[in-house]
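Residue numbers (my numbering), protein chains in the order written: chain A, 5 to 382; chain B, 90 to 512.
Hints in this document: simulated from the structure, not taken from any laboratory. Even for Gly, the Cβ is constructed at its ideal location relative to N, Cα and C.
Pairs of lysine to aspartate or glutamate, EDC-like flavour, derived with a Cα cap of 20 Å: (1) Lys123(A) to Asp299(B); (2) Lys278(B) to Asp325(A); (3) Lys123(A) to Glu307(B); (4) Lys278(B) to Asp349(A); (5) Lys123(A) to Asp500(B); (6) Lys349(B) to Asp337(B); (7) Lys349(B) to Glu236(B); (8) Lys123(A) to Glu135(A); (9) Lys293(A) to Glu281(A); (10) Lys123(A) to Glu502(B); (11) Lys123(A) to Glu85(A); (12) Lys123(A) to Asp488(B); (13) Lys278(B) to Asp337(B).
Beta-carbon label-pair distances, calculated as ranges: (14) Gln237(A) to Phe423(B): 43 to 51 Å; (15) Ser141(A) to Glu301(B): 37 to 45 Å; (16) Arg232(B) to Val203(A): 44 to 52 Å; (17) Val90(A) to Gly265(B): 44 to 52 Å; (18) Val364(B) to Gln237(A): 36 to 44 Å; (19) Asp202(B) to Thr137(A): 52 to 60 Å; (20) Thr146(A) to Gln487(B): 20 to 28 Å; (21) Asn238(B) to Gly142(A): 53 to 61 Å; (22) Pro73(A) to Thr114(B): 24 to 32 Å; (23) Ala455(B) to Val164(A): 44 to 52 Å.
Sample of chain B residues with no beta-carbon within 12 Å of chain A, all distances over it, derived: (24) Trp119; (25) Asn134; (26) Ala200; (27) Val209; (28) Gly294; (29) Ala359; (30) Ser398; (31) Phe410; (32) Gln413; (33) Asp414; (34) Ser432; (35) Gly451; (36) Gln454.
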Amino acid sequence: MLTAAEARKNAPLWVRLLLPKDAPLYQRNDALFGWLMAFPALLILTVFLVIPFLMAFVVSFTNQRLISPNPAEWMGLRNFERLLSVRAFTLEPERDDSGAIVYQDGGIVYPRLRNFTRKNPNYPELDGLREFTSWQSGDNRTVILVADVVFLRALINTLVFASVIAPLQGGLALLLALLLNQALPFINVFRAIYFAPVVVSMVVVSLLWRFIYDGNNGLLNNLLGILSFGSFQPVDWLGNPYTALPAIMAMSVWQAVGFHMVIWLAGLQTIPASLYEAASLDGAGGWQKFRFVTWPGLRNTAVLVLIVITIQAMGFFVQVDVMTRGGPLDATQSVVYQAVQRGYDKQDIAEGSAISVILFAIVFVISMTQRYLTRERR
Amino acid sequence: MNRILAMLLLITLLLSAAPLASAQTELSLWYHGAGNPEERAVLLNVIEDFNASQSDWSVVIEEFPQESYNSSIVAAALSGDLPDIIDVDAPVMPGWAWSGYMAPLNLSEGALDGFLPGAVGVYNGEVYAVGLWDAVVAIYARRSVLEANDIRIPTLEEPWTGEEFDAVLETLQATGDFENAFDVGMAWKGEWYTYAFSPFLQSFGGDMIDRETYLTAEGVFNGEAGLAFGEWWQSLFERGLVPGTSQDPADRDTGFLDGKYALQWNGNWAARAAVEAFGDDALFLPAPDFGSGSTIGAASWQFGISSTSEHPEGANAFIEFAIQDEYLVDFSNFGGLAPATASAAAMSDLYHEGGPLEVFFGLSQAQALVRPVTPGYANLSLSFEKAVTDIADGADIQDTLDAAVDEIEQDIEDNGGYGFGDM
Numbered sequence: 005m006l007t008a009a010e011a012r013k014n015a016p017l018w019v020r021l022l023l024p025k026d027a028p029l030y031q032r033n034d035a036l037f038g039w040l041m042a043f044p045a046l047l048i049l050t051v052f053l054v055i056p057f058l059m060a061f062v063v064s065f066t067n068q069r070l071i072s073p074n075p076a077e078w079m080g081l082r083n084f085e086r087l088l089s090v091r092a093f094t095l096e097p098e099r100d101d102s103g104a105i106v107y108q109d110g111g112i113v114y115p116r117l118r119n120f121t122r123k124n125p126n127y128p129e130l131d132g133l134r135e136f137t138s139w140q141s142g143d144n145r146t147v148i149l150v151a152d153v154v155f156l157r158a159l160i161n162t163l164v165f166a167s168v169i170a171p172l173q174g175g176l177a178l179l180l181a182l183l184l185n186q187a188l189p190f191i192n193v194f195r196a197i198y199f200a201p202v203v204v205s206m207v208v209v210s211l212l213w214r215f216i217y218d219g220n221n222g223l224l225n226n227l228l229g230i231l232s233f234g235s236f237q238p239v240d241w242l243g244n245p246y247t248a249l250p251a252i253m254a255m256s257v258w259q260a261v262g263f264h265m266v267i268w269l270a271g272l273q274t275i276p277a278s279l280y281e282a283a284s285l286d287g288a289g290g291w292q293k294f295r296f297v298t299w300p301g302l303r304n305t306a307v308l309v310l311i312v313i314t315i316q317a318m319g320f321f322v323q324v325d326v327m328t329r330g331g332p333l334d335a336t337q338s339v340v341y342q343a344v345q346r347g348y349d350k351q352d353i354a355e356g357s358a359i360s361v362i363l364f365a366i367v368f369v370i371s372m373t374q375r376y377l378t379r380e381r382r
Numbered sequence: 090m091n092r093i094l095a096m097l098l099l100i101t102l103l104l105s106a107a108p109l110a111s112a113q114t115e116l117s118l119w120y121h122g123a124g125n126p127e128e129r130a131v132l133l134n135v136i137e138d139f140n141a142s143q144s145d146w147s148v149v150i151e152e153f154p155q156e157s158y159n160s161s162i163v164a165a166a167l168s169g170d171l172p173d174i175i176d177v178d179a180p181v182m183p184g185w186a187w188s189g190y191m192a193p194l195n196l197s198e199g200a201l202d203g204f205l206p207g208a209v210g211v212y213n214g215e216v217y218a219v220g221l222w223d224a225v226v227a228i229y230a231r232r233s234v235l236e237a238n239d240i241r242i243p244t245l246e247e248p249w250t251g252e253e254f255d256a257v258l259e260t261l262q263a264t265g266d267f268e269n270a271f272d273v274g275m276a277w278k279g280e281w282y283t284y285a286f287s288p289f290l291q292s293f294g295g296d297m298i299d300r301e302t303y304l305t306a307e308g309v310f311n312g313e314a315g316l317a318f319g320e321w322w323q324s325l326f327e328r329g330l331v332p333g334t335s336q337d338p339a340d341r342d343t344g345f346l347d348g349k350y351a352l353q354w355n356g357n358w359a360a361r362a363a364v365e366a367f368g369d370d371a372l373f374l375p376a377p378d379f380g381s382g383s384t385i386g387a388a389s390w391q392f393g394i395s396s397t398s399e400h401p402e403g404a405n406a407f408i409e410f411a412i413q414d415e416y417l418v419d420f421s422n423f424g425g426l427a428p429a430t431a432s433a434a435a436m437s438d439l440y441h442e443g444g445p446l447e448v449f450f451g452l453s454q455a456q457a458l459v460r461p462v463t464p465g466y467a468n469l470s471l472s473f474e475k476a477v478t479d480i481a482d483g484a485d486i487q488d489t490l491d492a493a494v495d496e497i498e499q500d501i502e503d504n505g506g507y508g509f510g511d512m
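Excised from the complex, chain B in its bound form (with noise of 0.2 Å):
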């Protein structure tokens, strides 16, 4: 018995002094992908391939669920804890890099080339973090039925015009063949709601706060554009041309492959399913043009370094290792996400001229537009979200937005304007 303890006691002692023997230094890097598996075993893999490539770094990830995981930078900030390298959502980036979480990145020149522009997180000038990745969106639709109601299809040159898509959800209603005729995804309460529907506000030439100064939104989020997009929006409801905002969540996963629905404004995530219920049928289509351009939301999950890391070149070279082409297309091969450059968007299963996904690649090339960088935009994407819901709901259009400038201005004022200037 005695002995069987000391053994175990021995390979205890050899295995946790086996890291020790290497002369690595230890890197911390947090992840925000626990419970998704393809993602997770290509990081877990870049991983490896980095820590076996040279002799001074060895990164350590830590994994966290994907809602918890901002709780966890925050309260590691506030108590000195945070990684070398974090994995950060865009549009936080620029609230945690006020707060001084965040150092800019230190990259060799032109490591950045041939980016889109969403995967690259740039506040006040500076790189802070960078996607090997993006996400996009488009109009899921069928060919056939398009065809069928004698609907032009549109191209990125020519997509929609306001007025065509509103008549094409009409024309796709009175067939009575679907439940709505465009789903946009109410059921998806949340961060979906900035993402997939402020790039309609920014197509009829508003926006959700002044991109000049970050300091006011009047006059641009209530504006004239900000009224047509509201009157737009509520008609949408009024009409029944779009399930409302107690859409069912498991109608909105399967609504459109089961026909329930002629479009859905979706993600390139759900691609893959489309493709395998209609094939060449699926269409996936730009966003339309009310006036001001087709825009789409832009900017995933991004790789940056904290303030606090004591080792910033180990976690630079990790970032700047991990973002080779070849990374970058088996993420898009095993997690369906668009790359971040051309270059492996051409070598990628799914993104290579001619393959399944390809116009999502044209698609944020073409019309992505990142969301407001400004520190303040965890307040104004709820405000946005709130008076999206409230318009869809039937709420007074005006006085609706006027009351969401209104909390976007206070709390820019209780920030003394998030470091864009004195308020």
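Extracted from the complex, chain A is given alone in its bound form (with noise of 0.2 Å):
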């Protein structure tokens, strides 16, 4: 055991200067010491994080550009109304002189929407409005337009994104640690392999499945070719709107499926094995040691897994940046693609740092209504 002294002596100058002489750093000053500790990693964040988040915010509610001489002037909500806002209407049918509908080619024909919705004097709440989808209710149709078909697409896409990552990566991460956290020979080798994905860097990932996928001699359709003896039809993976987002998933969760993998693993060593002999005696089978040794272990470890999981795929981006550039037909357009090509690309760094703001909202809410779901009852 050190004594107050000993441990003064040793500790850095600027340690020394900062404590009372005749305190023992380590039981009075461990507050203050913490403070210190953490000064660094603080700092990083504020500067790095907090700060830029917060100019973010401010900026999200002006017209601030990148590149103009013009100055930012205050919009209030104006950023967020052009990328949130949504609203139904039903177009009527177009009626000859004696008033009934025109057909043609069998439909019925309907004015054309642009006709409301550009400068219209009479339909000033549908200015600058897009069809996002219609449906046909009796002789009328009903369209929803929505100011921003784009943002709402990659909203849509990314809440698809997460909503299948977050279980599937999950899932499969479990089940690997799982079949490598037994005594085999060469099990660090088989761990090694699994993890190797993670280590380069996804861009080249990316890139190196955009090949895989390439829709007249990829890797896959080659592959898929062989094992059916030649009756598969090669696919566009990346080209169809319906396939684009599945390959991306598919790549993504191969990906990072390691990573998580490994956290698992570190759960599942923190298991005694004491408890399974209990169970072993007790006369479990292979579920049902899973089911009520292991899965009860890895409570933590599994709150963890999924609220990284579904933060990082919310963010998804790279892939969609080397893969497809959000096509075809924005198929694949992600909330966080569209926050830089708007902010950078476009220069319009007010309207990106919106919906980095509303990602953040969004975000912060799904992370809390998983930390709710998942709390310890007691």
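Given two chains presented individually in distinct reference frames, assemble the corresponding complex, making use of the accompanying hints.
Here it is, written out as structure tokens:
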């Protein structure tokens, strides 16, 4: 046990100056010491995370541009309205002079939507809106108009992405961890193999998978062709609106699954072997051991893995940027990709900031909900 | 030991003092081409010659990778650290000029006589930048393939008409020898789309924006000409004549050389590889004429002067020095670029009369049309890129063009007309 005097002698000069002379360092100044230790990390987080976010929050209410001689003005909620406005609108059929509905090619003819949404003084509330989806209701057509079709697609894609990725990637990682948590020869080699994609940069992975997914002679199409003895028709994985997002999901899971496998492994190894021995003595089978020993023991790990995957998934960007740039037909737009494209490429930093603020709010709500649902019930 | 240290110190002092000995004032130049060894070597040579040719100025180069160059300039402008001489991509120049990053050039009378129109960066009636070269796009083809299919070889005076071109593509596709008849380069997502495909729209009689006012795109982009362009463009993909938006980048680079594609829409930078692969069989053909003349994009990287430079007369002197034919020829010979003047072209290895790439110079002189000269170009280009991508992927043409127009006009309005009038 170190005496206070010895500890002070060994401590750096600034610590010695800050602390009272006769205080036992490790008893009375824990809190101060803690803050001192945390100070470098806090400083970096504040400068590079907290301040930029606060700036983005302020900028999202203005019309600040990246490059412009025009001064920024306070715009209130305009940016958010432009991103999130939704309206329903009923289109009435075109009628001829006698008031009868006009038909053409077997369908009812409607006036062009753009007549209402483009600078029409009778419908100022529709100005600049675009059709998101529509359906038939009697002779009329009900149209859902939104201010920003692309952003809405991005938002939906991102939510779909996260809700598929979180259970899939978490579950797969757990399965791998269970398989690799055995005392087999060369087990570390397998662990290294599954972890390898995590170490490779996402940009490189995306580039490689672009070749794998190639529509004509990609690896995946060739493989499926061989496995099905040539009966498989090649699919243009990234060029088809229906397969592009699932293709990116599959790649993302493959890339990141090793990381969460390691976290699960760490969780598995905290469960004492004595519990399994006791369970065996009680006559528990494999599934019962997992259900009543392993799973309860992994509770905290599960919460961590779920939240981390969700947050990472909400921010997916690199895959889109390298592989599809949001296409085909907006099938792979993501919220972060739109934030970058607008804030940076389109130089509309205010709108990009508004998107970031919206994303922050969504991630915050999701994380809090997950925390609440997975809380310990006493 | 101490003696060695003392010696080292002395040497360092001497070395750092050496530049101070000369009376030359330093001018900084920022360059985008780190990672392009040929071009860089020529530029370094120009700088060396300039520094040796007079005793007032000494140009010092600082290099950036192309991907981060523009953001470096923007960051420097915000923090007031712009260099004296700026290297600028032509379509970006109006934005920088409008934002006050750049000052007009002040060259001696007649210095730019004989320059290709694309090499002179004019905004608001003043010359802000000048290029030492231009890039040119053509249809890559093989004489043997065209002749085997009884296809007329077009000329500058008589390019393929739209209908003729369509028939050519159908014929080539029907031979079954090629995966696709024509490769337009969908793998090169980004500025290539606007640079390479907007000339087709212009040849149909449309444009991305009304160049009279630069305030509206209604009826220009989404009018009849735009619709005709959109229908033709979409049909290329529907008929399988052209590889789609998911094209493999490797196929883009080697597909024409490997015989996967019969024709290719590509720039002069790839011409040397084609000549090496096919020799005299390689042809570089003018853009088809869809009714309003054939057009190709123009203007590449250029040099200009920052508005905050303390020595604009020195910066002007350097630019005037650099645009001598001698250096234009060097850039062309070593970098494969099209020289910016006819006299330089005549002296260059690739573009002289009878030279392998001579045709490109003619194309640039005859067909080049610069991209819209507006500070809003960045947005314009992205809207155009999205529209042609979505149309290629099968989106409704009129809706897509209308959406692009709305987006473009919204942006112009948000920016108070970009200096072209009140909005």
